[in-house]
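Enquirer: As they're listed, the protein sequences go chains H and W. Each residue of the first sequence is one higher than the one before, starting from 4 at the first, in our numbering. Each residue of the second sequence is one higher than the one before, starting from 12 at the first, in our numbering.
It should be emphasised that the hints constitute simulated quantities derived from the structure, not laboratory data. No experiment lies behind these values; they were computed from the predicted model shown. Think of the CB as a built atom: it goes at the ideal place given N, C-alpha and C, for glycine as much as any other residue. Hints are not guaranteed to be accurate.
Stated by the list, open to error - Distance condition first, Cα-Cα at most 25 Å in a straight line; then the derived PhoX-like pairs of lysine-lysine: (1) 290/H x 62/W; (2) 152/W x 290/H; (3) 62/W x 284/H; (4) 13/H x 38/H; (5) 145/W x 290/H.
As the list claims (entries may be wrong) - Part of the chain H face toward chain W, derived, beta carbon under 7 Å: (6) 42; (7) 45; (8) 135; (9) 140; (10) 163; (11) 167; (12) 170; (13) 201; (14) 291; (15) 335.
Said to hold, decoys possible - Using C-beta positions, here's what the derived DEER-type ranges look like: (16) 662/W x 335/H: 46 to 52 Å; (17) 354/H x 493/W: 55 to 61 Å; (18) 757/W x 33/H: 44 to 50 Å.
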Amino acid sequence: MLAELDKIHKGALAAAAQVIDQAGLEEWRSQYLGKNAVLTQSLKQLGGLSAEERPQAGQKINQVKQALEAAFEERKAALQADKLQQALDTERLDVTLPGRAMPLGRLHPITQTLRRINAIFAEMGFQVYRSRDVETDEYNFLLLNFPPNHPAREMQDSFYVEGGSADNPLLMRTHTSAGQIHAMREFSAESPENPPPVRIVLPGMCYRYEQVSARSEVQFTQVEGLAVGEDITFGDLKGTLTDFARRFFNADVRTRFRASHFPFTEPSAEMDVECFVCGGKGCSVCKHSGWLEILGSGMVHPNVLRNGGYDPERYSGFAFGMGPERLTMLRYRIEDIRYFWRNDLRFLEQF
Amino acid sequence: MKVPISWLKDFVDLEGVAIEDLAHTLTMAGLEVEEIRYLGLPIPSGQQLAKLSGLAWDREKIVVGEIREVGPHPDADRLVLCRLFDGEKEHSVLTGAPNLFEYKGQGELKPPLKVAYAKEGAELYDGHQAGLNKMILKRTKIRGVESYSMVCSEKELGISEEHEGILFLNAEAVAGTPLADVLGDAVFDIAITPNIARDANIYGVAREVSALLQRPLKPMPIEVQTDGPKIEGAARIEISEPELNPRFVLGLIREIQIQPSPEWVRRRLTLAGMRPINNIVDATNYAMLELGEPLHAFDYDVLVQRAGGQPPVISTRRAKSGEMITTLDGVQRKLDDFTVLVCDTAGSLSLGGVMGGLESEVTENTRTVLLEGAAWNFINIRKTLNAQRLSSEAGYRFSRGVHPAMAPRGVQRGLELMRQWAGGQVAADLVDEFPLPPQSSVVQISPQDARRWLGVELSTGQLSDILQRLGFEVKTQGETLTVTSPDHRLDIGEGVIGKADLMEEVARIYGYDNIPATRLGDDLPPQRANRSLEIEERIRDLLVRQGLQEVATYRLTSPEQEARRLPAGTPPDDKPYTRLSNPISQERTVLRKSLLASVLEIVERNANIRERLAFFEIGPVFRASESGPLPDELPRLVLALRGPRQPAHWQSGDGDTQDFYDIKGAVSTLLNSLGLRELQFEPAAHPAFHPGKCARVLADDQPLGVFGELHPQVQTEYDLGGDPVQAAALNLDTIYDLVPERFDSQSVPAYPPVLEDLALVVDESLPAGQVEALIRQTGGKLLTGLALFDVFRGEQIGVGKKSLAYQLTYQNAERTLTDEDVAKLRQRIIRRLEQELGAQLRA
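Sequences are here, hints too, so could you generate the full structure?
Expert: Set out below in C-alpha cells:
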C-alpha cells in the first residue's frame, strides 16, 4: 500500500505540473483530493490493515495529502502569477495621448500684475487705498497743482461726464493720483495738528480721451504710490523704487532716474530699468536704448501736501505712478494693449 | 523743439563733446532728446540714446567740389556738363540743376562755384523720389554721356526737401575737403516740458548745456547797430489791460530790401523746422528761435496810411464778444471777450501773442518795418488758443510763459538781423510801454533744504555755484542763500514752493545719479484694515479655484450695447445713465449700468473659440446718485457658464452641459466658502433670465443677487452659441456687509454616525427646498447631514409625482446612537412629511 501511495503521490505531482489554468487545477484537486479520489478511498481501506501497518499507512496517507495540498497552493499561486504577468504584458496604453485637462481657473493677467505690485509694496509698509473712477476736476486736477488752463493739462485728455458744474466739471479720472488727496484728507482729518505718516498704493482704472490702438487705450489701470512723513527724501524715492524694480524684474536690474515733469511733484523723475530682454545692449523691445521707461515719480509738490492737510514746511514725501499694462506687456512681450480688455481666451489662457 | 548743434555752438563751446554724450546729459537733466537727426556726421552703431535718423556723409566720397566751367550737353537742352575739380583732379559732371543754367557758356568761372560733390559709391537720398529713400550712386550713361558722380541738392544730402537746384557752399570752402567738415551737423529734437518753457529756444538750451557741462555761456546777442533817426514820435502804444498785456515794445527799421535770406540762414531755419520766407519774416523767426521771444513785423507805411498819414497808435484791448478778425492763415475768427487784440486807430491788426492779421502784413513792397515784441498773460493766451483751436509758434511760447524782459531783447535781435540781411537803418531807441513789471522771486534756502528734500549734503558754495550757473543771483550769509530768479524765467514761486522749485534745479544740475539711493527710515503709518479689498481678493481666489477665468472689461459702453442683455421690448429702468459729454466713439458714450452685459459680450467673443466657458468679473457699475452729482459706483460680481462641464477631451466623457444647477452650485459654493452658511433661494423674475429658471439668493433675508439660465431671446440677441448660458449677478456691497469676521469651528465627531436613505414620493409641484427644510427642522441637532442623491420621475410612481431620495446622517456628539434613537427620529420625520407635505415613503 505504501508503494501504491508513493505512486499516487508521484502521479499527482506530475499531473499538477501539466495543469495550465484555474479550471484545470480545480479538476486536479477533485481528482486527487476530492471525495472519490484514490487517496480518500485509501483511508477507508485502513481498517483492513494490520495493527502494525495501520498507523504507518495512516501517517503516509496524511503525508501525501499534505504534500498534494501544498502542491495545489503552489500551483495556484504560480498560475495567478502567470495570469498577472500575462495581463501586464498585454495592457499597454499609448502614453503619448493627451491627458484630461482639469478645468483650471485663472486670474486676469492685469490682476496678477496688480497683485505682484501691491505685494511688493505691502512688504515695504504701503497699504492699498482705493477711490472712485468718476472724479471732480477739483480732485483730479486742481488740488494736484494743475491750475485751470495749465499747459500740463494738455498732456492728459479727459473724458468729461455730464452733471458737473461749469467751474468743477466731472470727469473719468485720468490717473489714480486723485486718490492721493482723498487719502491725505482722510488721514489728516484724524489728527489735523499732527497728521499721521502716509504710505499707500492706489491701484485703479483710469481713462484718457485717446483713439484706441495697439499702443493706447481709452481705459487703463494705474498704480500710484504715496509716502508722506517728516523725513522722506528724494534719496528714499530712488531707494524705494529701485528696491521695487529689483523685486519686480530681477535682483540685479539697474535703474536710472531722469529729470522729468509732473505738476504734482517737484523735482520729478522718470525711472528707467535696464532692458531685461537684451541686458542693456540694445534691442527692439527697448528701441535700442538699453533702457525701458517704467514709471514716473517725484517729491510731492508743496501745494499738494497742503491741499491734503499736510504742512509742507514740516512734511515731505514722494509719489510715483506706473502702468500695469505696460509692465505686463514688457514682461511677456505682448504686442497689443487691446488684448487686455478683449479677453480672448487664447490670450487669457496663457497666463 | 529742434536744436541744430551748430547753432548751439554760437553760445557754448562744444569742442570735444560727443553729440551722443551731450544728448545723454540733456536727457538726464529733463531736456529729453527724443530724436537725433544726423546731417553728414557719422551715426553711431549699437546702443542708441534716442531715435536716430539722417545720413552720414562718407568722408572720401562726398567732398567740396569746385565747378570751373558750365558747358552744354551735346544733345540735351535741359542738362549741362560741368568741369569740376575735386581737390585732386578735374571731372566732367552731368546735371540738370536749373540754378546752374545761368552759368552755361560763360567759360571759366571766376570765382568758381563751390558745391557738394558725390563720387561713385556714395550713399545719398534719392532726389527724384518723394520721401527719404537712401540710394548708392552708381555709374551710368545719361543721353550717351557717361556719369559716375554728381553735384548734390539739399534733399540728396538730407538737409531739406529742396531739390529744385543744387546746394552752393561758401566761397571759402576748399575743394576736396570732406563735406562733413564744412556742413556736418546734428539736430536734437528736444521735448520741452512745461517746467522748462524758458528753454524753448536755442539760447535757453545753451544755458542748460553751459550749466551742465560747466562751460561758459556767451552773452545774449542783443547788440543792435542803430544808424537811423530816433523812433520817438514814429509810433505810440496804449495798453488797456496790463494784467493781460504787461509790456509792449516797438522798434523801427527803415529802407529795407525784401529778398531771400542768406543761404546759411535759410538752412538753419530749415533745420530748426521753419520754412524760410524772406529776410524780414526770417529775421523775426530766427530771433524767436534763438531767444524765445516771438516777434511780429508790421508794414509801417500801411499803418501810417491807416492812420490817415499820422504816426500810428498801437493799442491792445480785449475783443468784444463776437468780434471778428481774419488771421494770417486766412481764417476768419469770431473772438471771445478774453481775447486780446492788437489794434490801431483803424481797427484790429492781430490776435495778441498768437497770430497776425492779414492787412498789415509785410509784403514784398514793404520798405519800413515796425517790429513788435510783447509780454502776455500765458493763461489767457492758452485760453485763446483753446477757444480758437489754433496753434502757432508764437502761441506755443507765449502760452507757456515768456518773461517781459525778453520783449526788448527780442526786438533788438530782430532789428539787427534785419539790418544785416535786408540793409536799412535801425531807428535809435524803442517805444516801450511797461505798465506791469513782474516781481522777481526771491527765495531763501540753506543746505538743510537740500538735506530735507533731496537727502544730499551740499555746501552753501555748491548750492550757490549750481544756481549761478543757471543765471540766478545768489547772496550767501552764513548758512542762508538769498536767491533771486533771473529775468528770463517766471517759474520760481514764493516761500516753500520757491524752495521746491530751486531744489528741482539743484537736483537736475547736481545730477539725479549723484544723489544716493536710501531706504525709507521714516515712521511707518498706522495700519488700516481694508475689508472690501480683502473679501474681493478672497472671492477671486475662490472662483479661480472653482475653475472660472477672470475677465476685465470696458466700463464705458453705450445704451444700445447694454440693452442687448434684456429681451426686446423690456421697459427701460427709470435710472438714467451717467453720460460722457465728449465721447470718442459711438460705442462708448455712457458709464455701464450692468456688469452682466459686459461679461456677456466676452462670452459672445469667445463663443466659437472654446466649448466650455466659465467667466467671472468683479467691477463697478455706475448709477446716478441721489446724494450728489457724482454717480454711485457699486461693486458687482458676475459669473457666466456655458457649454460642457469639463474641458473637451479626445476620449469623450459624459459631455454634460452646464445648467441651472451648475450656476447655483457655483454661487452656493462661493457664498458658503465666504462664511455665508445659511442661504435662502427663491424663484425670481428678472428680464434677462428664463422665467422658469431664475432664482434669487438671500442671506439673513437680504437679497444678494439673482442667477439662472439666460432668457432665450437674450441668448439669441448675443451670438452665444447653442448651449444656454447660465449666469449670476451678485451685489458685492451687500456681501461685504454680511460676510462674518470669524466663525466657530466644529469638533470632529468621536462617535460613529448612522447613515440612512430615505426615498419619498411627492407632488411634482412641491419644491424640494420645502422637503429639505422640514427634514432638517425635524431632525434637529442629531441630523448632521442631509444630501439629495436622486430625483426620479416615472410610471412606477404615478403621473404628476416625483421621487426624492436623500441620504441622512445622524450623529450624537456625546455617545453612540442606538437603533432605537434613530428609528424614533426617522418615524417622526416620516410622519411630518406625510402629514404636512403629503409625501409617501417610496417602497
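Enquirer: If a hint holds in the structure, say so; if it doesn't, say that too.
Expert: Each hint, compared with the structure:
no.: 1; hint: 290/H x 62/W; result: holds, 8 Å
no.: 2; hint: 152/W x 290/H; result: violated, 42 Å
no.: 3; hint: 62/W x 284/H; result: holds, 15 Å
no.: 4; hint: 13/H x 38/H; result: holds, 19 Å
no.: 5; hint: 145/W x 290/H; result: holds, 22 Å
no.: 6; hint: 42; result: violated, 50 Å
no.: 7; hint: 45; result: violated, 54 Å
no.: 8; hint: 135; result: holds, 5 Å
no.: 9; hint: 140; result: violated, 12 Å
no.: 10; hint: 163; result: holds, 4 Å
no.: 11; hint: 167; result: holds, 6 Å
no.: 12; hint: 170; result: violated, 13 Å
no.: 13; hint: 201; result: holds, 6 Å
no.: 14; hint: 291; result: holds, 4 Å
no.: 15; hint: 335; result: violated, 16 Å
no.: 16; hint: 662/W x 335/H: 46 to 52 Å; result: violated, 33 Å
no.: 17; hint: 354/H x 493/W: 55 to 61 Å; result: holds, 58 Å
no.: 18; hint: 757/W x 33/H: 44 to 50 Å; result: violated, 59 Å
Violated hints for the displayed structure, listed by number in ascending order: 2, 6, 7, 9, 12, 15, 16, 18.
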